[in-house]
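J.: Sequence:
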Amino acid sequence: MRRWLWMVAALAVIGGGVAVYLLKPVNGPGRDLTLVGDVTRGNYLIRLGGCVACHTDAEAGRAFLSGGAGLVTQFGTFVPPNITSDKAAGIGGWSLAQFDDAMSNGMGPQGNLYPVFPYEHYTLMSDQEIVDLYAALMATEPVNDAAPASDIGFPFNIRLAMAGWKNLFFAPARFEPEAGKSDVYNRGRYLAYGPAHCVACHTPRNALGVLDWDQALTGSPGGVGGKAPSLTRAALLAEGYDVETLAQTLADGFTPGFDVLGAAMGEVIAEGTSQWTREDRQAIAEYLLAE
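So for the sequence shown, the numbering used here puts the first residue at 1; every next one is plus one.
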């Protein structure tokens with residue numbers, strides 16, 4: 001009897017320790033939030049970060065950044081919310097610190113955020129970029145029209161469970177340039193892994209939705225946005241791309257095979273990469289095609 005009680009006690013202690021570990025907050029390096037935001041730079045980041053393509057459902061007649069089309073995953077359908085400056089339906093009531101917590105640590109005012117919101121990549125952004133993006137979003141036209149609710153079944157609708165996911169699979173940090181590489185290469189690498197989050201769609205995930213970093217940019221058979229092709233150097237060369245051609249495709253959607261990219265990538269081009277600077281399109285092309 002005594003041995004049984006000791007076993008129960010030991011299991012309780014172990015279980016409690018595991019729970020404490022899995023439920024603890026996941027925070028990256030602190031940011032300097034005293035910086036002054038620039039709306040113009042922030043408006044560019046809205047395009048660079050793919051905010052428009054996700055958070056605007058033009059087909060349903062929704063206003064700019066007032067909520068996107070549902071993203072279907074194996075965990076449920078996630079509807080990107082209204083991120084206009086409206087204080088009730090949007091994020092106008094968020095402080096800069098709350099916005100930073102969402103972008104950097106995956107924690108919103110309502111609790112842990114699902115990684116379908118790519119905070120795994122936004123966490124790499126600089127302090128100034130976070131402040132600039134916040135300034136731009138707070139300057140948007142407020143739209144008092146909340147996006148429809150997401151449809152997430154049990155047990156995935158329990159936000160607290162995301163704390164465990166984050167403790168196991170999320171390590172918030174800031175971008176570190178690769179030593180010995182050019183500024184252009186590192187700018188492209190930053191875009192692919194950071195705000196542009198190419199890696200989020202073009203990398204396979206396991207059953208828990210975790211990116212297989214060892215297979216980064218090798219393509220994904222399915223997931224958010226559907227099937228995504230490989231963006232490795234070998235795959236791009238096989239499709240007839242060189243740096244200039246790839247940069248041009250990101251501007252107009254035309255491929256070397258005289259096709260036009262549509263579906264999710266077509267939207268990314270129309271609402272995002274086509275409005276980047278030529279230098280940023282060139283940088284990401286040079287990174288993806290680097291030897």
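Treat the hints with caution; some may be incorrect.
Keeping only pairs whose Cα atoms sit at most 20 Å apart, straight-line, the calculated EDC-like set for lysine to aspartate or glutamate is [said to hold, decoys possible]: (1) 181 / 280; (2) 87 / 176; (3) 181 / 252; (4) 227 / 212.
Just so you know, the hints here were simulated from the structure itself, not pulled from any lab data.
J.: Does each hint fit the structure? Answer for all of them.
T.: Checked hints:
Proposed proximity of residue 181 and residue 280 is supported: the alpha carbons are some 16 Å apart, at most 20 Å. As the CA atoms of residue 87 and residue 176 are separated by approximately 35 Å, the hinted pair breaks the 20 Å bound. Between residue 181 and residue 252 the CA atoms are separated by roughly 28 Å; this puts the pair beyond 20 Å, and the hint is violated. The hinted pair formed by residue 227 and residue 212 meets the criterion: a straight-line CA distance of about 16 Å does not exceed 20 Å.
Violated hints, in rising order: 2, 3; the structure is consistent with all others.
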